[in-house]
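**Student:** As they're listed, the protein sequences go chains R and S.
The first sequence begins at 1 in the working numbering and counts up one residue at a time.
The second sequence begins at 1 in the working numbering and counts up one residue at a time.
Hint data in this document are derived by calculation from the structure and do not stem from the laboratory.
Not one of these hints is a red herring.
If several chains are the same, the list does not tell them apart, and a pair holds so long as it fits within one copy or across any two.
In silico BS3-like pairs for lysine-lysine, Cα to Cα no more than 30 Å straight-line:
1. 3 with 184
2. 365 with 219
3. 266 with 86
4. 86 with 184
Source: prediction; values computed, not measured.
Protein chains: 2
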Amino acid sequence: VPKRVVIVGGGFAGLATAGALEGAGLEVTLVDQHDYNTFQPLLYQVATAGLNAGDIAYPLRTLVRRYGSTRFRRGTVDAIDFASRKVQFEDGGAVEYDYLVLASGATTSYFGVPGAEEHCHAIYTLDDALGVRARIFSQLERASALGPTPAGLTIAVIGGGATGVEMAGALAELLTLALSTTYKELDPALARVVLVEQRERLLGAFDEGLARYALRQLKRRRVEVRLGVEVLEVGSEHIVLASSAEGAVDLPCGLVVWAAGVAAGKLASCLDLPMTRGGRIVVDEMLHVANRPEVFVVGDVAAALALRTNSGAGRTSSTGGDAGQAASLLPQLAQPAIQAGEHAGLQILRLRAGQPLEPFVYRDKGTMATIGRRAAIAEVPLWRPRSGASAPSVRLRGTLAWLAWLALHIVTLLGRRNRASVLLNWSWRYVSWRRGPRVIIGG
Amino acid sequence: VPKRVVIVGGGFAGLATAGALEGAGLEVTLVDQHDYNTFQPLLYQVATAGLNAGDIAYPLRTLVRRYGSTRFRRGTVDAIDFASRKVQFEDGGAVEYDYLVLASGATTSYFGVPGAEEHCHAIYTLDDALGVRARIFSQLERASALGPTPAGLTIAVIGGGATGVEMAGALAELLTLALSTTYKELDPALARVVLVEQRERLLGAFDEGLARYALRQLKRRRVEVRLGVEVLEVGSEHIVLASSAEGAVDLPCGLVVWAAGVAAGKLASCLDLPMTRGGRIVVDEMLHVANRPEVFVVGDVAAALALRTNSGAGRTSSTGGDAGQAASLLPQLAQPAIQAGEHAGLQILRLRAGQPLEPFVYRDKGTMATIGRRAAIAEVPLWRPRSGASAPSVRLRGTLAWLAWLALHIVTLLGRRNRASVLLNWSWRYVSWRRGPRVIIGG
Numbered sequence: 001v002p003k004r005v006v007i008v009g010g011g012f013a014g015l016a017t018a019g020a021l022e023g024a025g026l027e028v029t030l031v032d033q034h035d036y037n038t039f040q041p042l043l044y045q046v047a048t049a050g051l052n053a054g055d056i057a058y059p060l061r062t063l064v065r066r067y068g069s070t071r072f073r074r075g076t077v078d079a080i081d082f083a084s085r086k087v088q089f090e091d092g093g094a095v096e097y098d099y100l101v102l103a104s105g106a107t108t109s110y111f112g113v114p115g116a117e118e119h120c121h122a123i124y125t126l127d128d129a130l131g132v133r134a135r136i137f138s139q140l141e142r143a144s145a146l147g148p149t150p151a152g153l154t155i156a157v158i159g160g161g162a163t164g165v166e167m168a169g170a171l172a173e174l175l176t177l178a179l180s181t182t183y184k185e186l187d188p189a190l191a192r193v194v195l196v197e198q199r200e201r202l203l204g205a206f207d208e209g210l211a212r213y214a215l216r217q218l219k220r221r222r223v224e225v226r227l228g229v230e231v232l233e234v235g236s237e238h239i240v241l242a243s244s245a246e247g248a249v250d251l252p253c254g255l256v257v258w259a260a261g262v263a264a265g266k267l268a269s270c271l272d273l274p275m276t277r278g279g280r281i282v283v284d285e286m287l288h289v290a291n292r293p294e295v296f297v298v299g300d301v302a303a304a305l306a307l308r309t310n311s312g313a314g315r316t317s318s319t320g321g322d323a324g325q326a327a328s329l330l331p332q333l334a335q336p337a338i339q340a341g342e343h344a345g346l347q348i349l350r351l352r353a354g355q356p357l358e359p360f361v362y363r364d365k366g367t368m369a370t371i372g373r374r375a376a377i378a379e380v381p382l383w384r385p386r387s388g389a390s391a392p393s394v395r396l397r398g399t400l401a402w403l404a405w406l407a408l409h410i411v412t413l414l415g416r417r418n419r420a421s422v423l424l425n426w427s428w429r430y431v432s433w434r435r436g437p438r439v440i441i442g443g
Numbered sequence: 001v002p003k004r005v006v007i008v009g010g011g012f013a014g015l016a017t018a019g020a021l022e023g024a025g026l027e028v029t030l031v032d033q034h035d036y037n038t039f040q041p042l043l044y045q046v047a048t049a050g051l052n053a054g055d056i057a058y059p060l061r062t063l064v065r066r067y068g069s070t071r072f073r074r075g076t077v078d079a080i081d082f083a084s085r086k087v088q089f090e091d092g093g094a095v096e097y098d099y100l101v102l103a104s105g106a107t108t109s110y111f112g113v114p115g116a117e118e119h120c121h122a123i124y125t126l127d128d129a130l131g132v133r134a135r136i137f138s139q140l141e142r143a144s145a146l147g148p149t150p151a152g153l154t155i156a157v158i159g160g161g162a163t164g165v166e167m168a169g170a171l172a173e174l175l176t177l178a179l180s181t182t183y184k185e186l187d188p189a190l191a192r193v194v195l196v197e198q199r200e201r202l203l204g205a206f207d208e209g210l211a212r213y214a215l216r217q218l219k220r221r222r223v224e225v226r227l228g229v230e231v232l233e234v235g236s237e238h239i240v241l242a243s244s245a246e247g248a249v250d251l252p253c254g255l256v257v258w259a260a261g262v263a264a265g266k267l268a269s270c271l272d273l274p275m276t277r278g279g280r281i282v283v284d285e286m287l288h289v290a291n292r293p294e295v296f297v298v299g300d301v302a303a304a305l306a307l308r309t310n311s312g313a314g315r316t317s318s319t320g321g322d323a324g325q326a327a328s329l330l331p332q333l334a335q336p337a338i339q340a341g342e343h344a345g346l347q348i349l350r351l352r353a354g355q356p357l358e359p360f361v362y363r364d365k366g367t368m369a370t371i372g373r374r375a376a377i378a379e380v381p382l383w384r385p386r387s388g389a390s391a392p393s394v395r396l397r398g399t400l401a402w403l404a405w406l407a408l409h410i411v412t413l414l415g416r417r418n419r420a421s422v423l424l425n426w427s428w429r430y431v432s433w434r435r436g437p438r439v440i441i442g443g
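Between the sequences and the hints, there should be enough to build the whole structure, so can you do that?
**Tutor:** Structure (structure tokens):
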């Protein structure tokens, strides 16, 4: 009888596990609440109307079909019975496992800021991104129809990490373009993008020179960057900011995008496993939770205190409950998720073969962020260092980094049709300066 | 002071009016509750996961920008004050007019069939189409996860007109493909598409030979066509059908698509204007409502008893409350909407110039319908006849008609980016036989 593996979550981590187990003669079931994988690095482009939602979603069934014996089960996991090794679904069904890989991702964490959960828009899921898009254009239409209000055309982005910087840059470009072409009746001076970061600098995980470049590029796009500023409260049409220089300040705004941190999802919270303050499940260097050798936890949901090969250059989450441990925790990004997912798959094969387990070692392949058209930053190690060692990095910025960013995202996107569609939309946009699918559907 | 024209509705009819008024020195305001135009002839392809929703939606603001002085106002019309010539919006705003063109479209009409409004899925709007798509894949996922139920994999399509035939054909192709590739664990025999038509033949508006061809093509795709069958009732997991041969029969089904008719929208119903039994606003041959020379009504919302140049070949709605008048009412299709919209615009220019009005004459340019891959029918007049006369038609079917259908829809689609994207999706699908954007978003 082949051993049964259940992978909960069809994101980067879960798919990497499924890939590693391909053709190994195991009975693999991939579980997700959606029937598609979301290419999260491009969510902000869906939110700012540069891409279709369908362009960055790829059917999980099409993916697992490639992995011979892998099955897909759509369903929301209700509970996991570790004792009898069973995953229970909300729809009443269940699947049993010999090995479990938990890769269920995270949700947005608002760190208890009053009103934030109620009034902020997150950008972690495809529905989030479509919600942000609908809100932006609804505000513009409202201002055009009834006249602008002080709040209406101001957008606040909370969090100066890579997600916040990319979002703020894309919003600034979108608003500039929209007001100069399709909303000519509105005064361009009324449209403001405000980027708020608690620390004194942007992009804490990047080199300081690159972060300063990003700051200059944002300012050129008329993004108001507020460093060393905390969010005290979020209301329906305003936020309250606080800094040591100015004290508490009220900022009217029509949309607040929260890009300041993620925490464990609903599922992880109810599993009764040890968690960090930021809400991630604590794993050992084998990616196990305590006393469960048949359970691996990978991706955003895992707090891996793992060894890494290039410790200086890794990006960490910009703010958040895990900040105290940031130096040793893996960042919640695609690369750590993919590598850990693959590692978990390989360990399951070793377990089956009776071989000893290997600790997970993260290999830093570099990080990138885009501020806007022809403006990106990248930090890439010059060579792949041996375990424990570190390699010097090459730092890129400007057009070259931007072209590298475009190429990398096209290449890593799932599905040839999606790749062609994204290429089409980007060519269209960057050549004609027009926006792509910028309509409010289901909003 | 330039005269003010308000056009309510950004569909085929409304846009044709805006186009006719371009550059005439009038102050034109185009009003719609959405910020996009929907290319309705391809809605069924969005519903059956062949196209992205964004591919057939085009931003109205981008459109009106081309028409110099035309403005766009997004808003849901709450009431129209004909006496003071004012259009009132739900959001509290209002616009005044000298001339009004009402092109607000229709909604699905269920003709009082019990349970139909509650349980049927329509395909008149983009949200409708996305709802159908989500339902299809949810049913497949459910059957895969928990085992198939008798109802789960049966889809009923009500209405054997062009919309119903296109929908049934596309559904059959989608299910065949899905079960042979991505849902291999399901028995293909369980997936059924049942097309129900009240009359004894399909496609009442087409030539009988073409209708027989369509029937054969549907059967080849394993669509079960039930002619002379009425729908008595619709439940959550079944419908009740009745025919003189079999009496009342209960059919378990997981999805019921209603393609049997449209009626006036909410707005038209509360305007206190004379309406047909099918719920369309009665207009005279000038496209006026009684005693309102400054108001034109065009498109699906208008019941135009208009003259037509090629009276034999026009397609009429397949079933419906207006059936008794079908011979003289214009069908609710793109061509009559475009021509009437343009006519209304030209009449406004004549009114302003003090010239007498001209009656609206519909010029039949032919009709088309697609059953599936390499199978379509088309009926096109050989030449454009003079008013009142009629021209013989050429009838096409099979691959040639299908290629003509593809070409016509690509050419008439709004926006070059959308055209390129649809071309990409179709090439992909018809070359590789794979489906395009088939994921459940927001479902």
